[in-house]
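K.L.:
Using the hints, position chain B against chain A.
There are 2 protein chains.
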Amino acid sequence: MSDALTNLMDRLLDGDRRALARMITLVESRAVDIATVMAKIYPHTGKGTILGFTGPPGAGKSTMVDKVTAAYRAQGKTVGIVAIDPSSPFSGGALLGDRIRMHRHFADTGVFIRSLSTRGSFGGLSRATRDVIRLMDAAGVDIVIVETVGVGQTELDIMEVAHTTTVILVPESGDVVQTMKAGLTEIADVFVVNKGDRAGADAIMRELTQMIELNPPSGWKIPVLKTQAVKNIGVEELVEKIDAHTAYYKETGEQKRIIKMTPEKEMIELLAVRMEDGYLREKASDGALAELCGKIASGETNPYEGAKAIAENPAWLTALFRIEN
Amino acid sequence: MSDALTNLMDRLLDGDRRALARMITLVESRAVDIATVMAKIYPHTGKGTILGFTGPPGAGKSTMVDKVTAAYRAQGKTVGIVAIDPSSPFSGGALLGDRIRMHRHFADTGVFIRSLSTRGSFGGLSRATRDVIRLMDAAGVDIVIVETVGVGQTELDIMEVAHTTTVILVPESGDVVQTMKAGLTEIADVFVVNKGDRAGADAIMRELTQMIELNPPSGWKIPVLKTQAVKNIGVEELVEKIDAHTAYYKETGEQKRIIKMTPEKEMIELLAVRMEDGYLREKASDGALAELCGKIASGETNPYEGAKAIAENPAWLTALFRIEN
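From first to last, the protein sequence lines are chains A and B. If you're matching positions, the first sequence starts at 1 in my numbering and goes up one per residue. If you're matching positions, the second sequence starts at 1001 in my numbering and goes up one per residue.
Keep in mind that the hints are not guaranteed to be accurate.
Pairs of lysine-lysine, BS3-like flavour, derived with a Cα cap of 25 Å [as the list claims (entries may be wrong)]:
id	chain 1	residue 1	chain 2	residue 2
1	A	K295	B	K1265
2	A	K231	A	K250
3	A	K265	B	K1283
4	A	K40	B	K1295
5	B	K1295	A	K250
6	A	K295	B	K1250
7	B	K1040	A	K295
Pair ranges (Cβ atoms, derived) [claimed, not checked]:
id	chain 1	residue 1	chain 2	residue 2	range
8	B	T1006	A	A21	55 to 63 Å
9	B	S1298	A	R30	24 to 32 Å
10	A	G253	B	N1232	48 to 56 Å
11	A	G287	B	E1254	32 to 40 Å
12	B	S1002	A	E186	49 to 57 Å
13	B	H1044	A	D3	54 to 62 Å
Quick caveat, the hints were computed from the structure, so don't treat them as lab data. Because the structure is a prediction, the values reported are computed rather than measured. We put the CB at the ideal spot given by N, CA and C, even for glycine.
The shape of chain A in the complex, shown without the other chains (with noise of 0.2 Å):
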């Protein structure tokens, strides 16, 4: 590791925030190998309390997600917030929430946000964002808020790193209780009806009650609340919940029924990553691995041919995984 980049590492770890910004966009992008910085924070990360706050659009969770940040700040507590940028896949645009939000927190140093819309390959979202949360908990933020929209396959893998998972539901999701089913009580260690005051509001809150009563998770009980975030009504409440969960998971180690992330999961992933880079990088340069990567570009080799033939060549792998900084 480069000397500039040990003193950013040093600065991370004593807390500070430019240094923690800088280290996020130069492992986001890549720029520098990610193994080699990560190694180094990991023993550093296990102190920090991982939330996340998920649920389908409209539901009002970075409102919801303001007002927790809110109540922590009250208790005098640090809070990270990594906001999944749901236009990511199209427009790589910042969220006008996340700006306004920005704009809310600005003055609060306690508050530390970066919104993730790298729309990368190989666990790409929940890779980047496992990493943030690392980087956001060896720099000494107490508690990192995940946010993202949506209950689909992407969501679920980024909340397998939370220790609490909030779904965040509105009486209008009646749709979306009726399609996940029992698979909602597998993600969610608390649920929040919010927009409380809407018709239908207590028909979504028997509804979920019921599927957790027919799947009912052994030791914790989900709770079910209603909330109006805007108003703060129900948020003081949601907290309780959320902590109790938090020294619950802390206490018994109980995972939820989904598989979580494994240690090794993750490094086959991170594998996968630097094949990817050096394959990008190989490609740039001459001999016959390059020679290939263009036929399997204009189509003249297909993409299962090509995998074998690099599969089969011991050279072409090591040079694949050579690392360059």
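P.N.:
Below, chain B without anything else, positioned relative to chain A:
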């Protein structure tokens, strides 16, 4: 390749439905080496038309796919349906809708239905979907329909393979439209507002039309259609628009603005899958690599250190990518 596998492939290429079903199972479960099998399948693909259908839960996609299937059957075309099971991350169970559909088309040998619920890594579902599409295509299926629930990252990855993607919304989907904004126009080739008799149908059609005008894609003008799938209203016009877009796409080769899956990305994914399979195999064997695997699993070595150690060891790399069958 074994004689049995060669024989199975010959039957598949002859259009034998049972051979197709068997091969899909083998490839999906990775019971055969994917690259070896698919390298032989690949030259026989490219004849079929791939259609994508996506949209939020409750939009009536399954019903619409049924009606569109019936329309193509009436033209004498064979249809394959790949239903991406939204319950997959959780229960792994089959969709009720899928079972109903199976029953309805049971007697029709011109319709081949397969649901995918693999929760794999490395492109997981989107990679498996591509393989299944190609196997159907190579078996002579004229129209392959891929149906997913949601408009998130996973769905977008999957839709990258489609010649024509139809996004189905309902009058209640205002929140989705608001969240996705211009993004929706980057995946949709055709918009459908289903359940068009409900209040708000015209409002959402106006919204979509304005969205298209604000971000006009060059070339193809995205049509916005009002349908009632259950009553078969508007289905004929939808099929006409789909066919028109497919013809346009095949003629011009014009791609939507989202980045399409390239052969190179696909090859890297195949290599990652092989590496993962190799990891599981090597972990179960003896030797220094198995020892490292144990340390990663137990947490004694962190994933970043592990990735570095493997990347720098040519013998381990070769072992990870070795083929067994």
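K.L.:
All the hints need checking, so say for each whether the structure fits it.
P.N.:
How the hints compare with the structure:
A distance of roughly 13 Å separates the Cα atoms of K295(A) and K1265(B); the hinted pair therefore holds under the 25 Å criterion. Of the pairs offered as hints, the one joining K231(A) and K250(A) is violated, with about 31 Å between alpha carbons and a cut-off of 25 Å exceeded. Proximity of K265(A) to K1283(B) is assessed by CA-CA distance (about 13 Å); at most 25 Å being required, the pair is judged to hold. Our distance criterion of 25 Å between C-alpha atoms is met by K40(A) and K1295(B), whose separation comes to about 17 Å.
For the hint pairing K1295(B) with K250(A), the CA-to-CA distance comes to about 23 Å; that is within 25 Å, so the pair holds. Restraint check: the Cα-Cα separation between K295(A) and K1250(B) comes to about 23 Å, which is no more than 25 Å; the hinted pair holds. For the suggested pair K1040(B) and K295(A), the alpha carbons sit about 17 Å apart, so the restraint of at most 25 Å is met. As the Cβ distance of T1006(B) to A21(A) is approximately 57 Å, the hint placing it in 55 to 63 Å holds.
Remark: the range hint 24 to 32 Å for S1298(B) to R30(A) is upheld by a beta-carbon distance near 28 Å. A hinted range of 48 to 56 Å holds for the C-beta pair G253(A) and N1232(B), which are about 54 Å apart. Between G287(A) and E1254(B), the C-beta spacing of about 35 Å keeps the proposed range 32 to 40 Å intact. A hinted range of 49 to 57 Å is violated for the C-beta pair S1002(B) and E186(A), which are about 39 Å apart.
Evaluation of the 54 to 62 Å hint for H1044(B) and D3(A) yields a pass: the beta carbon distance comes to about 57 Å.
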